[in-house]
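> Numbering (the numbering used here), first residue to last: 1 to 343.
What the hints contain is simulated information worked out from the structure, not anything from laboratory work. Virtual Cβ for every residue (Gly too), placed ideally from N, Cα, C. Where hints are given, some of them may not hold.
Here are the computed lysine-lysine pairs in the DSS-like style, where the Cα-Cα straight-line distance is at most 30 angstroms [claimed, not checked]:
no. : residue 1 : residue 2
1   : Lys21     : Lys59
2   : Lys59     : Lys239
3   : Lys235    : Lys255
4   : Lys62     : Lys343
5   : Lys145    : Lys21
6   : Lys235    : Lys343
7   : Lys315    : Lys294
8   : Lys135    : Lys255
9   : Lys239    : Lys255
10  : Lys310    : Lys135
11  : Lys235    : Lys183
12  : Lys235    : Lys145
The following label-pair restraints were derived from C-beta to C-beta distances [claimed, not checked]:
no. : residue 1 : residue 2 : range
13  : Glu137    : Arg102    : 38 to 44 angstroms
14  : Asn94     : Phe72     : 16 to 22 angstroms
15  : Phe152    : Asp226    : 17 to 23 angstroms
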Amino acid sequence: MKKFLFTGVFVALMLACFAQKPYKVVFYNFENLFDTINDPDILDDEFTPEGPKRWNSTKYNKKIANLEHVLFDLAAEDRDFPAVIGVSEIENRNVMEDVIGRPRLLPANYRIVHYDSPDARGVDVGFYYRPDVFKIEGSAPIPFKMAELPNFRTRDFVTMWGTIDGEPFFFLVSHWPSRLGGKEASDPKRMAAARQVRAIVDSVQQANPATKVVVMGDLNDDATDDSIVVGLSAKGRPKDMCPGDMFNPFIPMLKAGYGTLAYRDAWNLFDNIIVSYNLVFAPEGSLRILAAGKSKFYGGIFQRSYMLQKEGQYKGYPLRTFVGNNFQGGFSDHFPVFIYIGK
Numbered sequence: 001m002k003k004f005l006f007t008g009v010f011v012a013l014m015l016a017c018f019a020q021k022p023y024k025v026v027f028y029n030f031e032n033l034f035d036t037i038n039d040p041d042i043l044d045d046e047f048t049p050e051g052p053k054r055w056n057s058t059k060y061n062k063k064i065a066n067l068e069h070v071l072f073d074l075a076a077e078d079r080d081f082p083a084v085i086g087v088s089e090i091e092n093r094n095v096m097e098d099v100i101g102r103p104r105l106l107p108a109n110y111r112i113v114h115y116d117s118p119d120a121r122g123v124d125v126g127f128y129y130r131p132d133v134f135k136i137e138g139s140a141p142i143p144f145k146m147a148e149l150p151n152f153r154t155r156d157f158v159t160m161w162g163t164i165d166g167e168p169f170f171f172l173v174s175h176w177p178s179r180l181g182g183k184e185a186s187d188p189k190r191m192a193a194a195r196q197v198r199a200i201v202d203s204v205q206q207a208n209p210a211t212k213v214v215v216m217g218d219l220n221d222d223a224t225d226d227s228i229v230v231g232l233s234a235k236g237r238p239k240d241m242c243p244g245d246m247f248n249p250f251i252p253m254l255k256a257g258y259g260t261l262a263y264r265d266a267w268n269l270f271d272n273i274i275v276s277y278n279l280v281f282a283p284e285g286s287l288r289i290l291a292a293g294k295s296k297f298y299g300g301i302f303q304r305s306y307m308l309q310k311e312g313q314y315k316g317y318p319l320r321t322f323v324g325n326n327f328q329g330g331f332s333d334h335f336p337v338f339i340y341i342g343k
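Kindly generate the complete structure, drawing on both the sequences and the hints.
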């Protein structure tokens with residue numbers, strides 16, 4: 001009898017551990033995921049069969065299969081699909097549907113949040129989420145605004161809110177203005193984006209201080225740049241934080257030499273996931289950010305050997321879809337990043 005009792009308790013404990021498995025939150029820049037159809041309202045001619053890249057169904061399907069490969073492997077290392085995936089550089093909802101419609105991703109039963117943005121090239125940001133984990137209550141796009149450049153068009157900030165395990169959450173995904181024209185000349189645009197995101201976060205938490213906020217995206221600035229450290233008031237170490245600060249686990253990763261994209265033989269870390277104070281200093285028994293597996297960091301960068309360029313000028317860089325107009329059959333010029341949220 002004691003043996004059976006012990007076995008029952010052991011199984012119950014194992015099931016309890018499984019039930020409390022942390023949730024993975026991911027951001028991934030899909031790098032120019034365009035369909036093959038020429039949309040007259042956006043500048044997508046480059047990614048059409050007649051364009052310079054000769055973008056056709058064969059190349060498109062290869063790209064979709066590659067993204068499936070990465071997202072499935074992100075799930076396989078935890079034996080669980082990520083709860084939320086923010087994405088950028090997607091042309092429309094249809095291409096998002098094609099990715100999660102792949103056979104290995106179908107079991108996740110992902111849902112989509114997407115809005116067409118005013119970006120001239122037609123690239124947007126959006127979310128995948130698992131409805132069994134994230135109970136969505138609403139979503140909205142918020143346009144980028146900069147008083148000095150009232151006619152400047154770029155990607156919206158896409159937001160969604162709801163609950164995880166009964167706790168209120170607010171997610172924001174964005175792709176900040178590029179460094180076109182040089183870093184210094186374009187810095188004011190990214191600082192404007194940072195201040196707008198910070199204002200959104202503050203308004204959410206003023207309405208309900210219990211709301212836990214996750215900001216993610218390709219910010220086109222490194223984790224240690226002013227737009228993030230000053231504009232978002234993001235700190236890289238919990239012990240340096242004061243109430244109201246945000247926590248960016250990718251600051252110490254950048255300082256340790258890690259990156260998500262390479263340019264001129266140097267690594268940058270533009271892809272960030274930044275969380276509110278109450279996801280770091282959470283009450284016992286509630287959801288908080290956790291260390292990324294066995295790592296000493298609270299953030300993770302996902303890369304596998306098949307995602308790397310193996311030879312040539314860009315050896316060791318992320319294996320991208322194109323170099324110029326030469327099709328590489330790769331994945332993205334960025335690596336995905338992730339955090340874990342759990343109890």
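> Assuming the hint says 16 to 22 angstroms, is it satisfied by the Cβ distance from Asn94 to Phe72 or not?
holds, 21 angstroms
> Starting from Lys310, check that the Cα of Lys135 is at most 30 angstroms away, please.
violated, 42 angstroms
> Tell me if the straight-line CA distance from Lys315 to Lys294 falls inside 30 angstroms.
holds, 28 angstroms
> Take the C-alpha atoms of Lys235 and Lys145, compute the straight-line distance between them, and say whether it is at most 30 angstroms.
Holds, at about 25 angstroms.
> Under the criterion that the straight-line Cα-Cα distance not exceed 30 angstroms, is the pair Lys235, Lys343 satisfied?
holds, 22 angstroms
> Going straight from one Cα to the other, do Lys235 and Lys255 come out at no more than 30 angstroms?
Holds: Lys235 and Lys255 sit about 13 angstroms apart, inside 30 angstroms.
> Does the structure keep Lys62 and Lys343 at a Cα separation of 30 angstroms or less?
violated, 38 angstroms
> Taking 30 angstroms as the top limit, are the C-alpha atoms of Lys135 and Lys255 close enough?
Violated, because 36 angstroms separates the two Cα atoms, which is more than 30 angstroms.
> Given the hint that Lys235 pairs with Lys183, test it: the Cα-Cα distance must not exceed 30 angstroms.
holds, 22 angstroms
> What's the verdict on Lys21 and Lys59, does the C-alpha distance respect the 30 angstroms limit or exceed it?
Measuring from Cα to Cα gives roughly 37 angstroms; hence the hint is violated.
> Using the C-beta atoms of Glu137 and Arg102, is the stated range 38 to 44 angstroms upheld?
With a Cβ separation near 28 angstroms, Glu137 and Arg102 fall outside 38 to 44 angstroms, so the hint is violated.
> CB of Phe152 to CB of Asp226, is that within 17 to 23 angstroms?
Given range 17 to 23 angstroms: holds, Cβ gap about 20 angstroms.
Checked against the numbered hints given earlier, this structure breaks hints 1, 2, 4, 5, 8, 10, 13; the rest are met.
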